[in-house]
Amino acid sequence: AQKVTQAQTEISVVEKEDVTLDCVYETRDTTYYLFWYKQPPSGELVFLIRRNSFDEQNEISGRYSWNFQKSTSSFNFTITASQVVDSAVYFCALSEDGGTSYGKLTFGQGTILTVHP
Amino acid sequence: DAGVTQSPTHLIKTRGQQVTLRCSPKSGHDTVSWYQQALGQGPQFIFQYYEEEERQRGNFPDRFSGHQFPNYSSELNVNALLLGDSALYLCASRLTGAGTDTQYFGPGTRLTVL
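Protein chains in written order, with our numbering: chain A, 1 to 117; chain B, 1001 to 1114.
Just so you know, the hints here were simulated from the structure itself, not pulled from any lab data. Source: prediction; values computed, not measured. The reader is advised that the hints may include incorrect statements.
To be verified - Computed cross-link-like contacts, DSS-like style, restricted to lysine-lysine with a CA-CA straight-line distance of at most 30 Å:
#1 A:K3 x B:K1026
#2 B:K1013 x B:K1026
#3 A:K16 x A:K38
#4 B:K1026 x A:K38
#5 A:K70 x A:K38
#6 A:K70 x A:K3
#7 A:K38 x B:K1013
#8 A:K38 x A:K3
All chains should be built: construct the whole structure from the sequences, respecting the hints.
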């Protein structure tokens, strides 16, 4: 069975600090997808990034960067120079490919990020 | 490009009642999944609909049922409501077989059972 663990329940930073959100996953599949979603107070889950299990290239997109390491089953997410608008709940999610998974997402418990001015 | 829409936004019901939630997928998407998110938790998969049939189901009782229409929109029905059914219900859509596995979510329906 697949499992996603976000060990950090809450993180509080001051604006302009860098912050890293940790995610560790478990899966028996060799082909899978990892995601980060952001959930602001409005409740809608906003898609941030998707990575497949064959693509370990890390990426930087503006103030966001991701570190995917299959060897440690981790998919961490970093916000550089955080802003108050980054305050939200962040979810890491996993979906397995093939068979009967059909893209069902398994989510972590979420990390509440609060950025103080 | 219209995103995923859900209605209603909020709903208050009493125990034992029945509720129907609605979802319209993102334009061009043919697959709809429903998730339940209890307060302070991550979303939990309820089921997925494709070609008007339930394709996969999570660990939810039969009180939870759904339907998909020819235009790909979907309904989630919950019978005999329990207090524990109070949650944010999220709908997500994707295009099956497109080589991408990204699901896009709607704003959710917040259900309160009294």
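Here is what the structure says about each hint:
1. A:K3 x B:K1026: holds, 27 Å
2. B:K1013 x B:K1026: holds, 28 Å
3. A:K16 x A:K38: Satisfied, since the Cα-Cα distance of roughly 19 Å is no more than 30 Å.
4. B:K1026 x A:K38: holds, 18 Å
5. A:K70 x A:K38: holds, 23 Å
6. A:K70 x A:K3: holds, 15 Å
7. A:K38 x B:K1013: OK: K38 (chain A) and K1013 (chain B) at ~29 Å, within 30 Å.
8. A:K38 x A:K3: Distance of about 19 Å is within 30 Å: holds.
Hint check: no violations occur; every hint is consistent with the structure.
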